[in-house]
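Residue numbers (the working numbering), protein chains in the order written: chain A, 1 to 259; chain B, 1 to 271; chain C, 1 to 280.
Bear in mind the hints are in silico, worked out from the structure with no lab data behind them.
Yeah, the Cβ is synthetic: ideal placement off N, Cα and C, and Gly gets one too.
One or more of the hints may lead you astray.
Estimated spans, in silico, between C-beta atoms of each pair [what the hints assert, rightly or not]:
| no. | chain 1 | residue 1 | chain 2 | residue 2 | range |
| --- | --- | --- | --- | --- | --- |
| 1 | C | LEU66 | A | ALA63 | 41 to 47 Å |
| 2 | B | ARG146 | A | ASN155 | 26 to 32 Å |
| 3 | C | MET179 | A | ALA246 | 32 to 38 Å |
| 4 | C | ILE123 | B | PRO107 | 20 to 26 Å |
| 5 | B | ARG126 | A | ALA63 | 52 to 58 Å |
| 6 | C | VAL37 | B | PHE186 | 34 to 40 Å |
| 7 | C | LEU78 | A | ALA170 | 54 to 60 Å |
| 8 | C | ILE169 | A | LEU13 | 53 to 59 Å |
| 9 | C | ARG58 | A | TRP65 | 45 to 51 Å |
| 10 | C | ILE169 | A | THR34 | 35 to 41 Å |
| 11 | C | GLY101 | A | ALA170 | 54 to 60 Å |
A short, non-exhaustive set of chain C residues, derived as facing chain A with CB atoms under 10 Å [said to hold, decoys possible]:
| no. | residue |
| --- | --- |
| 12 | ILE90 |
| 13 | SER93 |
| 14 | LEU94 |
| 15 | PHE97 |
| 16 | PRO118 |
| 17 | PRO125 |
| 18 | VAL132 |
| 19 | VAL137 |
| 20 | ILE216 |
| 21 | MET244 |
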Amino acid sequence: MSGASSRGRAAVLRNRLVLPTLGAIVLLAAWQATVTLYSLPIVVLPPPWQVATTLVDLFGTAAFWRSVGVSLYEFAGGYVAGVLLGVVVGLAMGESRTIRAVATPVVESLRFIVPFAWIPLTVLWFGTSLVGKIVLVAYAVFFVMTVATLRAVQNVEPTLTRVATMLGMARWQRAVRVHLRAAAPSIASGARAAAALGWIAVVAAEYIGSSAGLGFMITNAAMSLATGVVIAGMIVIGLIGAAVSALIAWLSRTRLAHR
Amino acid sequence: MNAADRPVDHPGAAAMPGGELAFDRICHEYATQAGCIEVLRGVSFDVSPGSVTCVVGPSGCGKSTLLGLAAGLITPASGEVRWDRAPVTPGTNLHLGMAFQQPGLFPWMTVHENVAIGLRTRGADRATARRVADEFIATVGLADFRHAYPSQLSGGMAQRVGIARALALRPRLLLMDEPFAAVDAFTRLKLQQEFKALLALHRPTVLFVTHDVSEAILLGDRIVVMSQRPATVLREIPVSREDRNRASAAYARKLAETLECLGVPSDGGSE
Amino acid sequence: MTTASAQAAATPGRRVAHWRRARRLPGWVLGSVGVIVALAAWIALSQLLAGGGGVINRLPGPAAVLRELVAYASRDLLTDVAASLRVFGIGWSLGVFAATGIGLLLGRLPALGHTFLPIIEAIRPVSSIAWVPLSVVWFGFGLTGKVFLVGLAVFLVVIVYAVDGCTRIPDDLARTASMLGMSAWQRFRALILPGTLAEVLIGSRVALMAGWGTVIVAELVAADSGLGAHLIAVQQSYDVPAVMATMACFGITGFVMNGVFSLVEARLMPWRPRASGRAT
Numbered sequence: 001m002s003g004a005s006s007r008g009r010a011a012v013l014r015n016r017l018v019l020p021t022l023g024a025i026v027l028l029a030a031w032q033a034t035v036t037l038y039s040l041p042i043v044v045l046p047p048p049w050q051v052a053t054t055l056v057d058l059f060g061t062a063a064f065w066r067s068v069g070v071s072l073y074e075f076a077g078g079y080v081a082g083v084l085l086g087v088v089v090g091l092a093m094g095e096s097r098t099i100r101a102v103a104t105p106v107v108e109s110l111r112f113i114v115p116f117a118w119i120p121l122t123v124l125w126f127g128t129s130l131v132g133k134i135v136l137v138a139y140a141v142f143f144v145m146t147v148a149t150l151r152a153v154q155n156v157e158p159t160l161t162r163v164a165t166m167l168g169m170a171r172w173q174r175a176v177r178v179h180l181r182a183a184a185p186s187i188a189s190g191a192r193a194a195a196a197l198g199w200i201a202v203v204a205a206e207y208i209g210s211s212a213g214l215g216f217m218i219t220n221a222a223m224s225l226a227t228g229v230v231i232a233g234m235i236v237i238g239l240i241g242a243a244v245s246a247l248i249a250w251l252s253r254t255r256l257a258h259r
Numbered sequence: 001m002n003a004a005d006r007p008v009d010h011p012g013a014a015a016m017p018g019g020e021l022a023f024d025r026i027c028h029e030y031a032t033q034a035g036c037i038e039v040l041r042g043v044s045f046d047v048s049p050g051s052v053t054c055v056v057g058p059s060g061c062g063k064s065t066l067l068g069l070a071a072g073l074i075t076p077a078s079g080e081v082r083w084d085r086a087p088v089t090p091g092t093n094l095h096l097g098m099a100f101q102q103p104g105l106f107p108w109m110t111v112h113e114n115v116a117i118g119l120r121t122r123g124a125d126r127a128t129a130r131r132v133a134d135e136f137i138a139t140v141g142l143a144d145f146r147h148a149y150p151s152q153l154s155g156g157m158a159q160r161v162g163i164a165r166a167l168a169l170r171p172r173l174l175l176m177d178e179p180f181a182a183v184d185a186f187t188r189l190k191l192q193q194e195f196k197a198l199l200a201l202h203r204p205t206v207l208f209v210t211h212d213v214s215e216a217i218l219l220g221d222r223i224v225v226m227s228q229r230p231a232t233v234l235r236e237i238p239v240s241r242e243d244r245n246r247a248s249a250a251y252a253r254k255l256a257e258t259l260e261c262l263g264v265p266s267d268g269g270s271e
Numbered sequence: 001m002t003t004a005s006a007q008a009a010a011t012p013g014r015r016v017a018h019w020r021r022a023r024r025l026p027g028w029v030l031g032s033v034g035v036i037v038a039l040a041a042w043i044a045l046s047q048l049l050a051g052g053g054g055v056i057n058r059l060p061g062p063a064a065v066l067r068e069l070v071a072y073a074s075r076d077l078l079t080d081v082a083a084s085l086r087v088f089g090i091g092w093s094l095g096v097f098a099a100t101g102i103g104l105l106l107g108r109l110p111a112l113g114h115t116f117l118p119i120i121e122a123i124r125p126v127s128s129i130a131w132v133p134l135s136v137v138w139f140g141f142g143l144t145g146k147v148f149l150v151g152l153a154v155f156l157v158v159i160v161y162a163v164d165g166c167t168r169i170p171d172d173l174a175r176t177a178s179m180l181g182m183s184a185w186q187r188f189r190a191l192i193l194p195g196t197l198a199e200v201l202i203g204s205r206v207a208l209m210a211g212w213g214t215v216i217v218a219e220l221v222a223a224d225s226g227l228g229a230h231l232i233a234v235q236q237s238y239d240v241p242a243v244m245a246t247m248a249c250f251g252i253t254g255f256v257m258n259g260v261f262s263l264v265e266a267r268l269m270p271w272r273p274r275a276s277g278r279a280t
């Protein structure tokens, strides 16, 4: 929406900047108003300013960064494993009708048991250790990436396949150098969705059965009614999720763009 | 794959002359959810070495299937496709090059890389591939766009790159699947002229599928007219030099003859 | 190029080498083979680990899980499923309702939309599961908290569809409405509302899985009733077959819900291509 006229540009400014900022202000004002008007105790809803200071305080605490580190470590390990396995399996399913027919019922049925339902089982098997969370994240990410890769590979323009064969590429060459490469942008957006799911799976697992990590920190705060910390923690969850998503988007834009 | 099929790798060298392509009583069908669809029934014709045969027919009649059969991408249900008197081997065949309706350029590669990749996968070393690719890109007049990406090219330009890519392989058999169908009429006329000129330099055997009868007359030494599905050969119509002059009566006669064969009355139907 | 020829040419190598063989094996045969292989691997693995080797102790075989499932079914299964479905049903309905209403408001009044939609967009990526501890603080472990979480999850998914539905009126429909001289209210009823509801229907189906997943997390934390509570209970008594049986119940219920909703969607909007949402 490029406003050639100054009126156009003013409208863009208004819509993209002024109004959203206004909205944020309205939200914060409503928040503050709710706290004051209903005289809500801090354990129920601390005022915005308090949450902000709590957040800043957290950033200065070593324990906080340790928790974040644990969660990120669990996420990263599971995510990388899940993406690699998922892309490989998805590509195999895309290339071979046999593999696809054999694997689909298994994949489709397991899909309905959402990753969160696996949390108690991973606690039974792995205790509250890091390994359990990594396995959980890998599982969640694997399914998203398998489906995303399969669909992306199936949507590759058929002409490219014929060209690759005509040029003399062997089947595996064609699969990796053409199909995978052509499907890469689509797979990358699947990777972003997988990251969101994987990250929230870590948090959920830490809510339920954990002895360390960001989710554990937040659950403790909830138990001791330190609501300010809870809200600050939620904000941190959101920020990290956004950062990971932006990182993947940036990587795919710079490395994979078809230009 | 014998030595005769390897691309010759010094610039300016002519490719080995084209061989003979023969379709012998080809029948073919496809299995779809609706059942078996018979697409070709008893198709037989030859393409003599170094000549251009244009296949015309209604859409969906299996013209593209013929190209797939010639390329070894498809195995016929019955009958035989022969190249140089031997049955076509299934899978990759290095004696041929193919151009498709969609240019099919790899979007993540530049024009140059797109033309060179075929040479590389067929065993040429990097330097040779680069040289030959440049040569053919220049031949289609896109030397300035060597480092452009397909998204930056117009439809006609992309098609030219596709043709350059096929020709750079120095094929003895060139298979063209309605390569000019997806561009506008003016670009099509230009591309037809350029293609004719390119064919004069290297003389492969050409099987050219098109729905455009005037294109078939312009480019072909012979026109093979196919019927509706299940397709058979209705007629083989030779084309001579005089027929190609669009202003001549011979052209009009040839056009009329082909259209009649396709079931299109040449007097414009009832008024 | 006909679709058939495109399809055939798309996998030339396979077609040439195996097309006769593969043609003889229909999809369901291969699929059954896959399931059998998976089950066999499961049994083998459980035998292997029964000796006490490896990290994963106690992997019951499919037979043990099935036995547990049957036992569970004869006891509390239906009660628990009912409790979970109740939470889901209320939360999902509230979420869809709120999303439709607010979506219409924000979509049709651009000033409001530009003001508040960015906030919603910012919150959307933060799954409602992150809200679990806060919901515990606010609502404790009861029904309200769980309904809130499910409703929030569903709302965040459906709001996008609702806004899309009421803002993206195809141009030619809008022009037709103008030509026919429709009043604003008529336009709303005939054009905007159906379009919005159609999108909302699609979105609420997508939200099914999000909402159902939230139910189980909420119940895992609250642990007072429903499938999630049962899951925690059997986990704490180290009853692995029961844990796996409960997980299976959860999956089966989700699968059935998805199927039912697909049927409803197909009946209500027969002109829409079936959005299976999954690649096969």
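So, going through the hints one by one against the coordinates:
{"no.": "1", "hint": "C/LEU66 with A/ALA63: 41 to 47 Å", "in the structure": "holds (46 Å)"}
{"no.": "2", "hint": "B/ARG146 with A/ASN155: 26 to 32 Å", "in the structure": "holds (30 Å)"}
{"no.": "3", "hint": "C/MET179 with A/ALA246: 32 to 38 Å", "in the structure": "violated (46 Å)"}
{"no.": "4", "hint": "C/ILE123 with B/PRO107: 20 to 26 Å", "in the structure": "violated (36 Å)"}
{"no.": "5", "hint": "B/ARG126 with A/ALA63: 52 to 58 Å", "in the structure": "holds (56 Å)"}
{"no.": "6", "hint": "C/VAL37 with B/PHE186: 34 to 40 Å", "in the structure": "violated (58 Å)"}
{"no.": "7", "hint": "C/LEU78 with A/ALA170: 54 to 60 Å", "in the structure": "holds (56 Å)"}
{"no.": "8", "hint": "C/ILE169 with A/LEU13: 53 to 59 Å", "in the structure": "violated (26 Å)"}
{"no.": "9", "hint": "C/ARG58 with A/TRP65: 45 to 51 Å", "in the structure": "violated (36 Å)"}
{"no.": "10", "hint": "C/ILE169 with A/THR34: 35 to 41 Å", "in the structure": "holds (36 Å)"}
{"no.": "11", "hint": "C/GLY101 with A/ALA170: 54 to 60 Å", "in the structure": "holds (57 Å)"}
{"no.": "12", "hint": "ILE90", "in the structure": "violated (20 Å)"}
{"no.": "13", "hint": "SER93", "in the structure": "violated (20 Å)"}
{"no.": "14", "hint": "LEU94", "in the structure": "violated (20 Å)"}
{"no.": "15", "hint": "PHE97", "in the structure": "violated (22 Å)"}
{"no.": "16", "hint": "PRO118", "in the structure": "holds (4 Å)"}
{"no.": "17", "hint": "PRO125", "in the structure": "holds (5 Å)"}
{"no.": "18", "hint": "VAL132", "in the structure": "holds (6 Å)"}
{"no.": "19", "hint": "VAL137", "in the structure": "holds (5 Å)"}
{"no.": "20", "hint": "ILE216", "in the structure": "holds (5 Å)"}
{"no.": "21", "hint": "MET244", "in the structure": "holds (7 Å)"}
In this structure, the earlier hints numbered 3, 4, 6, 8, 9, 12, 13, 14 and 15 are contradicted, and the remaining ones agree with it.
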